[in-house]
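Asks: This is what each chain is made of:
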Amino acid sequence: MSVGLALLLLATQQPAAPPARLAASLARIFGSGVRADTIHVDTTTVLRVSRGDSLLGFAAVGNVIGKDQPITFLVAVDRDDRLKDVDILVYREPYGGEVAYEPWRRQFRGARASDSLRVGKEIRSISGATISVHAVTLGVRRLLAGLTAWHASGAIR
Amino acid sequence: MRSLLGWALCCALVTTGARRLRAQERTTLGGYGEVQYTNATGPNTPGRATLRRFVVYLAHSFDERLSFRSELEVEDARVEPGGKAGELEVEQAFLDYRLADWLTLRTGLVLIPVGIINETHEPPTFNGVARPGFDNDVLPTTWREIGVGAAGTIPGKSGLSYRVYLVNGLRAEGFAAAAGIREGRQEGQDATFANPSFTGRLEWARPGLKLGGSFWYGGSASADSVLGTGTFDAPIALVSADARYDVGAASFRAVVANISVKDAGAIDARYGSAVGSRLAGGYGEAAYNLLRALAPGSSQRLSAFVRHERYDTHAAVPAGVTRDASLARRITTFGLTYKPTWNTAFKGDYQLVRNAGGVGEYEVLSLGVGYQF
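Protein chains in written order, with this note's numbering: chain Y, 1 to 157; chain L, 1 to 373.
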């Protein structure tokens, strides 16, 4: 397989969010007028969010497959690796869009990578949105673990 | 020659558009199914087993906004002319054009958004081997018709979502006393659009909670010279409400519906069908995940549940039709659902099938497995 094709396939697996949507999400979570610098770690793009000289936290965009479509979501952590918020940037399925509702996303706030985040236990599900709930919860767990590990190793700082 | 030209065109498209096409197009295969074993009480009723449903889910996204979804279903494993129950059918096939979170345009063969089971019918999503009787005799699952509409969720804090469709209407010719409007569905097969009908649903969701309200309104005369050729002749008005609530190890669900068949008298006179002028009822169900206490660390579920259904397809009858008390049904189901994963289920239940007339009552033991992916 050529490198070009490999990159192409990689791109296929990573649908993006509209830049305006991403900017609005960061402003909502970290406040307006923040600065976001891009850091590439492994295959993930991490945003380092700061205001002036002070680091506010990090954010990363991920994709998980719902029933058949990618769900593009964002995980934001503060500088102490505590989850600040989750955002659903693009939802493409016909059923299950309830994962974008604030009362559902709120359940993740304050979580750490070491915390257990299981559907039906710490994270309550929503009937009719089960597939999306499981997919996004798994995605959040992975990104939170990634951000925490990269911060600890100094890959992002 | 034509195919050569086609190939050339295809290659040209692939080389110029490969990047965009590959980045956006995506085909997905999925499915669900259920195998059921039932054994009713009474003489000469040996157990029976059937591959009740085998469904292939096929979806394709053409680009970021336009996507197609379908379900192809084989019921009872085998279809042959003059054979037993088996059916081969397309359960849904529609195109979605997503404009925004709050607006997706939808067209094709769509699921009518009433009750719980009609839209969310994968076997691991409900307790009990068979679907509730109510979801057969009152709400005619799996109910799908051809039409156009819109769907969306309202982002932010409201927690509301909606679906509204304009679809082909029901056909009064298929109505019956016991199964109500069920055989009046056209299911996408050469459907008459004599009675365009409206249907819709509003949902409100919170973690663990979902409330829904649905409606259907439209004629059913099918341009029959006796019943009328107007759009809303022989109107059917359906309203339904449902709730699902999960708290800790317990989960609850309930559905109620009322269907008014305004010209039932004329329909019965025309087709001799004895359909009621009002069909009504519902069910309530409570379940408890026993593994929450027995194995607190487990993500598997073993739910004990009880469901009670009360519905009557002769809740009211037109003049000239004798009310059949045996159609006022009361079904109580006790059972267990074991779910090693959230999308697989092993089920067992025992049903007490009763009616106000005390005619033809029986009990039935059922076992089943179901999956979805």
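Among the hints, a few may not be true.
To be verified - Pulled a few chain Y residues facing chain L out of the computed Cβ check, cut under 8 Å:
no., residue
1, Y91
2, P103
3, Q107
4, R109
5, R112
6, L117
7, E122
8, W150
It should be emphasised that the hints constitute simulated quantities derived from the structure, not laboratory data.
All C-beta atoms, glycine included, are put in the ideal place defined by N, C-alpha and C.
Asks: All hints are to be evaluated individually against the structure, with a verdict given for each.
Replies: We went through each hint and held it up to the structure:
Checking Y91 (chain Y) against chain L: minimum C-beta separation of about 6 Å stays under 8 Å; hint holds. Given hint, P103 (chain Y) at the interface with chain L, holds; its Cβ is 5 Å from that chain's nearest Cβ, closer than 8 Å. Hint on Q107 (chain Y) holds. Least Cβ distance to chain L is approximately 6 Å, under the 8 Å limit. With 8 Å as the threshold, the beta carbon of R109 (chain Y) stays out of range of chain L, its nearest partner Cβ sitting at about 13 Å, so the hint is violated.
The criterion of a C-beta within 8 Å of any C-beta in chain L is not met by R112 (chain Y), whose closest approach is roughly 19 Å, and the hint is violated. Residue-level restraint check for L117 (chain Y) is violated (minimum Cβ-Cβ distance to chain L is 12 Å; threshold 8 Å). Taken as an interface hint, E122 (chain Y) does not check out: its beta carbon lies about 11 Å from the nearest beta carbon of chain L, beyond 8 Å. For W150 (chain Y), the shortest C-beta to C-beta distance to chain L is roughly 27 Å, which exceeds 8 Å, and the interface hint is violated.
Hint violations for this structure: numbers 4, 5, 6, 7, 8, all remaining hints satisfied.
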